[in-house]
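*Asks:* Below, each chain spelled out in residue letters.
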Amino acid sequence: MPTAGVYNGTDLRVYVGGNVIGHATSCTMSLSMEIRETLDKDSVSGFAGGEAGQRSGSLSFEGLASEDVTLNAATVESIADLLTQFNSDTAFAWKFSSTTTGDVEVSGNGLISDISISAAVEENATLSGTITMIGAPTFGTVPA
Amino acid sequence: MNPETGVYELLSTNAPLTALVGSKIYPVTAPENTPTPYVVYSQLEEQQTLTQDGPVPNGWTFQVTIIGQNNFDSSAVARVVKTTLNWKTQLLDSGETIRTVFDDELNSSFDDEQKYFQTVQEYKARKT
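Protein sequences, first through last, are from chains R and G. Using the numbering used here, you'd call the opening residue of the first sequence number 1 and step up by one each time. Using the numbering used here, you'd call the opening residue of the second sequence number 145 and step up by one each time.
One should not assume that every hint holds.
What the hints assert, rightly or not - One side of the interface only, derived from the structure: several residues of chain G facing chain R at Cβ under 7 Å:
#1 T193
#2 T195
#3 D197
#4 N202
#5 Q207
#6 V224
#7 V245
Hints were generated in silico from the structure; no laboratory data involved. Idealized CB from N, CA, C, for every residue including glycine.
Whole structure, please, built from the sequences with the hints as guidance.
*Replies:* Shown next, in the form of structure tokens:
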């Protein structure tokens, strides 16, 4: 049974290779499509028409930088894991979902296209990055 | 040991400070009629950062109040306290280490009722 009401943002996670990004503080999935404009001399009242064009997507994440590989008895992606993924030319499997059966689950392959680590004096070090989707994502639901 | 007792360890084991105040270093409040000078420390805040995996500690704020019979006394002790706690590390029983850093100071206001001078300092502490 899917989540009732509004999602709690804490529950929606980005998974990299099957594991969530450890100590994440926020994540965003963005999908977009370019519209091919079809304005011509026959367009009604000069308004442009449009056709579906190229789709693309990305997932961005922010969190605290940590070497932890286990949190709450679950394996998580550490900063080292993410840097290894960034350094790889091979696309990895990602997933954006909650853990509640029936909730929306978007999955696919991607590459980490940017990653930043910020370290201010006497503050928690933070990281942020972007996964660029490679190929078409799959729109499904969290299985039981 | 918690961070508060870590601060106490730093204060109570510093020879220049104990030379001035002896063992008169108290948590939260001093006993009534304690002779000056003395030091009172207390934890003001504990910060945490919320993550999707749960809260992560983000440091503590401490207040150290130095009480002296006159401005000279409280300022002299305050300078030693600052040397004792500014950018210092302390190993906790948990195996973690905290670092304390000076943050702010309110100089030697006079307490009309108690007839003493005090210097109030604030410090931040966090795990290294």
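*Asks:* Run every hint past the structure and note whether it holds.
*Replies:* Taking the hints in turn, this is what the structure says about them:
1. For T193 of chain G, the interface hint holds, the least distance from its beta-carbon to any beta-carbon of chain R being 6 Å, beneath 7 Å.
2. Taking 7 Å as the C-beta contact cut-off toward chain R, the hint placing T195 of chain G at the interface holds, the least distance being around 5 Å.
3. Annotation: interface hint on D197 of chain G holds; nearest CB of chain R at approximately 4 Å, less than 7 Å.
4. Checking N202 of chain G against chain R: minimum C-beta separation of about 6 Å stays under 7 Å; hint holds.
5. Checking Q207 of chain G against chain R: minimum C-beta separation of about 18 Å lies over 7 Å; hint violated.
6. Interface restraint check for V224 of chain G: the shortest CB-CB distance to chain R comes to about 23 Å, outside 7 Å, so the restraint is violated.
7. With a cut of 7 Å, the hint placing V245 of chain G at the interface with chain R holds, because the nearest CB-to-CB distance is about 6 Å.
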